[in-house]
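Asker: Heads up: the protein sequence lines correspond to chains A and B, in order. For the first sequence, this note's numbering puts the final residue at 508, and the numbers step up evenly by one. For the second sequence, this note's numbering puts the final residue at 328, and the numbers step up evenly by one.
Mixed in with the good hints there might be a few duds.
[To be verified] Output of the computed footprint for chain A on chain B, the stretches with three or more beta carbons under 8 Å from beta carbons of chain A: (1) 47 to 55; (2) 93 to 106; (3) 188 to 201; (4) 288 to 302.
[What the hints assert, rightly or not] Some chain A residues well away from chain B (every beta-carbon gap over 12 Å; in silico): (5) Q7; (6) M168; (7) C173; (8) A335; (9) M401; (10) A483.
No lab work stands behind these hints, which were simulated from the structure alone. For each residue, glycine too, the CB sits at the ideal point set by N, CA and C.
Each chain, written out:
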Amino acid sequence: MEATIIQNLALGFSTAVSPINLWYCFIGVVVGTLIGVLPGIGPVAAVAMLLPLTFNLDAVGAIIMLSGIYYGTQYGGSTTAILVNLPGESASVVTCMDGYAMARKGRAGPALAIAAIGSFFAGTVGTILVALLGPPLAEIALKFGAPEYFSLMVMALIAAAVLAHGGMLKTICMIVLGLLVGIVGTDVNSGMSRFTFGASGLADGLSFVVVAMGLFGFAEILSNLQDKADTASRDILNQKITGLMPTMADLKLSAGAILRGTAVGAFFGTLPGGGPTISAFSAYAVEKKLAKNPENFGQGDIRGVAAPEAANNAAVQCAFITTLTLGIPHGATMALILGALTIQGIAPGPQVMTQRPDLFWGLIASMWIGNAMLVILNLPMVGIWIKLLKLPYRFLFPAIMVFMAIGVYSVNNLDLDIYMTILFGMLGYIFMKLKCEPAPLILAFVLGPLMEENLRRALLISRGDPTVFITRPISAGFLIATALLLAFMIVPAFRKKREEAVAESTAL
Amino acid sequence: MHIKNIPTVLTAVAALCVASGAPLHVVAQTYPTKPIRLIVAFPPGGSTDIIARLVGQRLGDKLGQQVIVDNRGGAGGTIGTEIAARATPDGYTLTMGTTSTHVIAPAAYAVVKYDPVKDFEPITLVASTPYLLVLHPGVKANNLKEFVALAKSQPGKLNYASAGTGSTTQLAMEMLNRAAGMDIVHIPYNGNGPAGAAVLGGQVQALFGSMPAVLPHAQAGRVRAIAVGTSKRSPALPNVPTVAESGFPGFEVSLWLGFFAPKGTPKPVLTRLQTELTAIANSPEVKALFEKNGASAVTNTPAEMNKLMKSELDKYGKVIKAAGIHLK
Numbered sequence: 001m002e003a004t005i006i007q008n009l010a011l012g013f014s015t016a017v018s019p020i021n022l023w024y025c026f027i028g029v030v031v032g033t034l035i036g037v038l039p040g041i042g043p044v045a046a047v048a049m050l051l052p053l054t055f056n057l058d059a060v061g062a063i064i065m066l067s068g069i070y071y072g073t074q075y076g077g078s079t080t081a082i083l084v085n086l087p088g089e090s091a092s093v094v095t096c097m098d099g100y101a102m103a104r105k106g107r108a109g110p111a112l113a114i115a116a117i118g119s120f121f122a123g124t125v126g127t128i129l130v131a132l133l134g135p136p137l138a139e140i141a142l143k144f145g146a147p148e149y150f151s152l153m154v155m156a157l158i159a160a161a162v163l164a165h166g167g168m169l170k171t172i173c174m175i176v177l178g179l180l181v182g183i184v185g186t187d188v189n190s191g192m193s194r195f196t197f198g199a200s201g202l203a204d205g206l207s208f209v210v211v212a213m214g215l216f217g218f219a220e221i222l223s224n225l226q227d228k229a230d231t232a233s234r235d236i237l238n239q240k241i242t243g244l245m246p247t248m249a250d251l252k253l254s255a256g257a258i259l260r261g262t263a264v265g266a267f268f269g270t271l272p273g274g275g276p277t278i279s280a281f282s283a284y285a286v287e288k289k290l291a292k293n294p295e296n297f298g299q300g301d302i303r304g305v306a307a308p309e310a311a312n313n314a315a316v317q318c319a320f321i322t323t324l325t326l327g328i329p330h331g332a333t334m335a336l337i338l339g340a341l342t343i344q345g346i347a348p349g350p351q352v353m354t355q356r357p358d359l360f361w362g363l364i365a366s367m368w369i370g371n372a373m374l375v376i377l378n379l380p381m382v383g384i385w386i387k388l389l390k391l392p393y394r395f396l397f398p399a400i401m402v403f404m405a406i407g408v409y410s411v412n413n414l415d416l417d418i419y420m421t422i423l424f425g426m427l428g429y430i431f432m433k434l435k436c437e438p439a440p441l442i443l444a445f446v447l448g449p450l451m452e453e454n455l456r457r458a459l460l461i462s463r464g465d466p467t468v469f470i471t472r473p474i475s476a477g478f479l480i481a482t483a484l485l486l487a488f489m490i491v492p493a494f495r496k497k498r499e500e501a502v503a504e505s506t507a508l
Numbered sequence: 001m002h003i004k005n006i007p008t009v010l011t012a013v014a015a016l017c018v019a020s021g022a023p024l025h026v027v028a029q030t031y032p033t034k035p036i037r038l039i040v041a042f043p044p045g046g047s048t049d050i051i052a053r054l055v056g057q058r059l060g061d062k063l064g065q066q067v068i069v070d071n072r073g074g075a076g077g078t079i080g081t082e083i084a085a086r087a088t089p090d091g092y093t094l095t096m097g098t099t100s101t102h103v104i105a106p107a108a109y110a111v112v113k114y115d116p117v118k119d120f121e122p123i124t125l126v127a128s129t130p131y132l133l134v135l136h137p138g139v140k141a142n143n144l145k146e147f148v149a150l151a152k153s154q155p156g157k158l159n160y161a162s163a164g165t166g167s168t169t170q171l172a173m174e175m176l177n178r179a180a181g182m183d184i185v186h187i188p189y190n191g192n193g194p195a196g197a198a199v200l201g202g203q204v205q206a207l208f209g210s211m212p213a214v215l216p217h218a219q220a221g222r223v224r225a226i227a228v229g230t231s232k233r234s235p236a237l238p239n240v241p242t243v244a245e246s247g248f249p250g251f252e253v254s255l256w257l258g259f260f261a262p263k264g265t266p267k268p269v270l271t272r273l274q275t276e277l278t279a280i281a282n283s284p285e286v287k288a289l290f291e292k293n294g295a296s297a298v299t300n301t302p303a304e305m306n307k308l309m310k311s312e313l314d315k316y317g318k319v320i321k322a323a324g325i326h327l328k
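Please model the complete structure; the sequences and the hints are all you need to start from.
Answerer: And the structure:
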């Protein structure tokens, strides 16, 4: 068994390390990073735009390049999250919280570096997992039916309450609001539209980019501009830049976070429909729960960058498991990459592994190479990105607005989306004034529709019998964990303020 | 490089034609002078998008102008199709119309702001994808007859997955439900991928799935293919009988994909496109690519296409009404 895996990996590396494939991988990573730093242009848009580039390549080269673009955009998305509070895709929302706080304190360098290092480590572990355990993990993923997904998402949402450092009540309000925003669109079961006000552009719901760009990017700009005192204070940096690279203390603090983040990401990433978002949020929640000083989270704690970034990247790698072994795409980007394979004349599915081992193992090897290239490329670029922060805000903010508008428009080519972003920007500004955290709203917005879909599907299959959630063991496990989590948070809250309670419970 | 030169050459040829007194062919011979937008009313990565890109790229090579795929997904394909219906009819906007956009959506949605027949110039079909009825291997039925018997022995117990409410995967199964007098319960999923995963994992028992999505699983033995919805057996699975030969004569469900232009597009342009598209779809290379993915190349004439749409609107309209599907 081991011998065959080594043989397979050797075949993979010999395919991926050919100069031409290395070159495709490099181009993919570079172009992906460059596009990923444009606010609002996430992996889906980038891969869709660049798909024609791969038409004339051979299948191996094409998929290596597209995967490079995928990792590159993913990483580029984190870069803007840290530098200017603009999450490039849903998983980077978590990175915004502490990453941007670090940037404002002059520590954007260490934040960017730890994001790269954490991602690389997680990517390496993810690649090994895919190579060693791909097929059996895919089997486990198939065991997840509607009840399991529903219970998993309930758990993730409750865990989100831990995320925010505002009051418990405010957090719950934001979660409920996020669920409501997520309801907008066509109901999967009946086909009826809800809260669309007759606008066909809302028929498929609000897009993540619209909500996130509004609540984070646009609101941030509004709040910066209201500060009339003097132009200097508007600049993102409010402290001197201290060092480009993480210190020993930073690394020590992050090591555990990266390890735990990787584990969390690998778990959720394997499930189709779980994915990077849940991973990043959960990893953050775990870190905050385990930290001795949870009050630092949200103020620029490096663990708040390391863990979600590692989780996100581990999940991205593991997403290839179901895509490659079962031919079931894991979200829109994967669907596109599979589409590219089809254009190359390869029917994606379980047979790819046996019929085209060079392609399958070459891709796995190139995953690791792509991640290594990202680190090599990005560590020296940290200095360049930081210089961006020194730009006077009067130049920076119009540029951000323009790119944001382009990015938002590029998702569905709908002008309505830009107006909706402005609306969410104003809403985000009000939230800021009310000291309500937007992150739980985003998580609820992303998970809400999935939760509803799976709840209704589970009940359809069980013919309306709700006990299905506790009679299926995996689902029951998640619900028990949720109940424990709730008890953990609510019981002490009756007696003391929540901050103290959290401090106390983690000290135990 | 050489692609850029083609329009110049064409212009020169056209100029010569004018000089030699052949003005009728001018439009067709100068067209196209700029890139052509091909609206795909579904998000990138889906089967419509893939076929559009496959054919679009080759059409671009033949015409000497790039064909740019413009994904305008949403609302079951009605958003993009409406944009195409309203576009300037100059041959520079085309759309990939399918059974979904030109038959099912107009029949199932309460409001659709285009008329599939009156607002478009059909050019030609390029492909058709069969539907394949697959079962989870744990289901005790080896063919359609046994499956019908099983379903009838326990009415309302079995489930089938679909790619969504109002999708062809639902309508195909509803047609079978009605034809066989079965009561298999509809469980909608979000697309062909998740619906396929549900059958692979045994969450539901059956799926009348789109061939490209389920064929790999059937070939790998992860699901049991018991019937195809087309009138003839599929070359990809010659041992799997059709629904019609399994006791339901006349049963036929497949998804067709074809090119449409907005109403009023100049005739010479349409003729040119029809010639090129027919050649592309019939080329051995494209035929093989389609077949590998479970689709087959099909071409026809605009008149045949209008006839097809009318008969399909009638057929699916009845199922949609009977199954009580109303989309808003």
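Asker: Taking the hints in turn, state whether each one holds.
Answerer: Each hint, compared with the structure:
| no. | hint | in the structure |
| --- | --- | --- |
| 1 | 47 to 55 | holds (count 4) |
| 2 | 93 to 106 | violated (count 0) |
| 3 | 188 to 201 | holds (count 10) |
| 4 | 288 to 302 | holds (count 5) |
| 5 | Q7 | holds, 22 Å |
| 6 | M168 | holds, 33 Å |
| 7 | C173 | holds, 28 Å |
| 8 | A335 | violated, 3 Å |
| 9 | M401 | holds, 25 Å |
| 10 | A483 | holds, 25 Å |
Taken one by one, the earlier hints fail for this structure at numbers 2 and 8, listed in ascending order.
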